[in-house]
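First residue of the first sequence? That's 1 in full-length UniProt numbering, and the numbers climb one at a time after it.
Take the hints with a grain of salt, since some may be wrong.
Said to hold, decoys possible - Now the in silico label distances, taken between C-beta atoms and shown as ranges: (1) Ser182 <-> Asn375: 54 to 62 angstroms; (2) Gln47 <-> Ser182: 15 to 23 angstroms; (3) Phe301 <-> Asp249: 42 to 50 angstroms; (4) Gln337 <-> Gln252: 35 to 43 angstroms; (5) Arg221 <-> Leu291: 30 to 38 angstroms.
These are computed hints drawn from the structure, not numbers from a lab. We put the CB at the ideal spot given by N, CA and C, even for glycine.
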Amino acid sequence: MSDLPSIAIVDANNFYVSCERIFDPRLEGKPVVVLSNNDGCVIARSQEAKTLGIDMASPWHSIAAEATARGVIARSSNYELYGDLSARTVELLGRYTSSQEVYSIDESFIRLTGTPQQVTAAAREIRVATKKLIGLPVSIGIAPSKTLAKLANRGSKTAPALLGVCNLAAYAPAQLTSILQSVEVGQVWGIGGRTAKKLIGLGIYTAAELRDADAARVRRRFGVVQERVVQELRGNDCLPLEEMHADRDQIQFSRSFATPISTVSELKEVLSVYTQRASARLRQQNSLARLMRCYASTSPFQDEHVTHAVSLAFPDPTDDPVEMYRAAITALGPQLQSDRQYVRVGVSLHEFSSRDTHAALDIFDTNPAPFAAGNVLDSITAKYGQETLGLGLAGFKSNRAWTMRRNMVSPRATTHWDELATVFAQ
DNA sequence: TCTGGGGTCCTAGGACCC
DNA sequence: TCTGGGGTCCTAGGACCC
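Given these sequences and hints, build the entire structure.
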């Protein structure tokens with residue numbers, strides 16, 4: 001038994017559903033699902049909903065009638081609420097570790113040090129604290145590598161006797177092997193459906209068989225990513241914790257519409273809003289973008305699915321929403337065909353540089369500094385809300401046909417005074 | 001009527017250069 | 001008959017993740 005640092009993954013159970021339940025306890029014990037933007041697909045399910053056989057990613061429109069008849073309660077996604085509860089969880093975990101990698105909205109890798117018994121005890125404490133102080137149930141998997149920690153995390157959920165904490169250090173090598181033998185290769189973190197299929201073709205069915213495969217052969221066949229998985233399954237830590245959440249390398253803003261669009265004037269409205277949202281995220285991380293991509297697509301579920309995509313480089317890296325909007329509409333506008341029904345538009349920004357670095361190098365710039373519309377927008381929307389102010393059409397509050405459908409959304413109970421939860425005494 | 005959104009990393013292949 | 005070879009940069013697309 002070692003005294004080495006362990007990697008723990010702390011993962012909130014059915015995160016979005018658990019968030020909804022914190023502020024609406026009537027949902028406790030009931031089958032609940034949370035829907036994607038536009039109330040499209042199921043993206044989170046309570047245990048009760050899973051037991052009823054509701055699949056992940058089922059289109060809600062095709063199962064709504066039967067599901068509701070069987071008592072399933074649906075909620076539109078409320079990312080403002082989930083994001084806030086996620087941030088609180090990250091802060092809480094920070095009290096238990098010096099290194100944390102925030103891996104997704106509902107998962108963090110943290111480093112824990114001590115004997116296996118001490119590490120397991122710390123994990124149990126974390127579990128109690130997140131439930132008591134935030135209201136979220138979490139499961140924790142612990143191992144020498146991230147991939148094994150993810151595997152342990154699955155175990156912590158499937159074996160009730162573990163009480164939500166699974167530390168692989170507690171098992172002897174033979175036990176560990178039999179655990180890995182019980183895991184299908186496609187369930188391993190980093191092995192997706194395509195690769196799993198090919199591995200099975202080679203006679204590798206389980207995590208144990210992948211661990212014991214010839215690493216060099218796996219690399220030749222599948223690449224370095226999969227070779228790392230093999231190493232990680234052997235307990236060799238190849239994926240370091242990335243503590244500082246680095247700035248993004250790309251930023252995208254895309255949405256499907258409740259009602260399709262087909263005219264350039266509607267496209268202008270959409271691009272006006274999307275370039276402002278994307279550039280706001282860019283300014284938030286103090287970056288400038290050199291490249292922008294924009295696309296408009298018809299429905300992939302109809303015949304003749306088309307996507308018009310344009311890729312354009314700015315003469316100078318920019319974070320200016322006006323410049324982005326003009327470039328986007330100039331490039332994408334002419335591609336639009338009026339007889340088509342576009343259901344989705346996206347804007348993405350790439351090739352970032354730091355705003356500070358760029359300003360320092362920009363000594364030969366002969367253009368006068370443009371009106372800093374972006375910064376003004378940011379400071380006002382930060383204070384008064386996203387919908388307060390926008391350039392052009394984004395400034396109007398009126399409901400446009402193409403905005404998202406969100407018919408079953410819960411209050412933003414932790415971030416808006418007028419949406420606080422109400423407590424009734426019995 | 002109705003099918004999400006936002007990321008990362010890696011690789012293949014084209015363009016270009018000497 | 002016979003059409004270099006190697007390097008870099010760039011981009012699109014694949015695969016995966018939550």
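Violations among the numbered hints: Hints 3, 4 not satisfied by this model.
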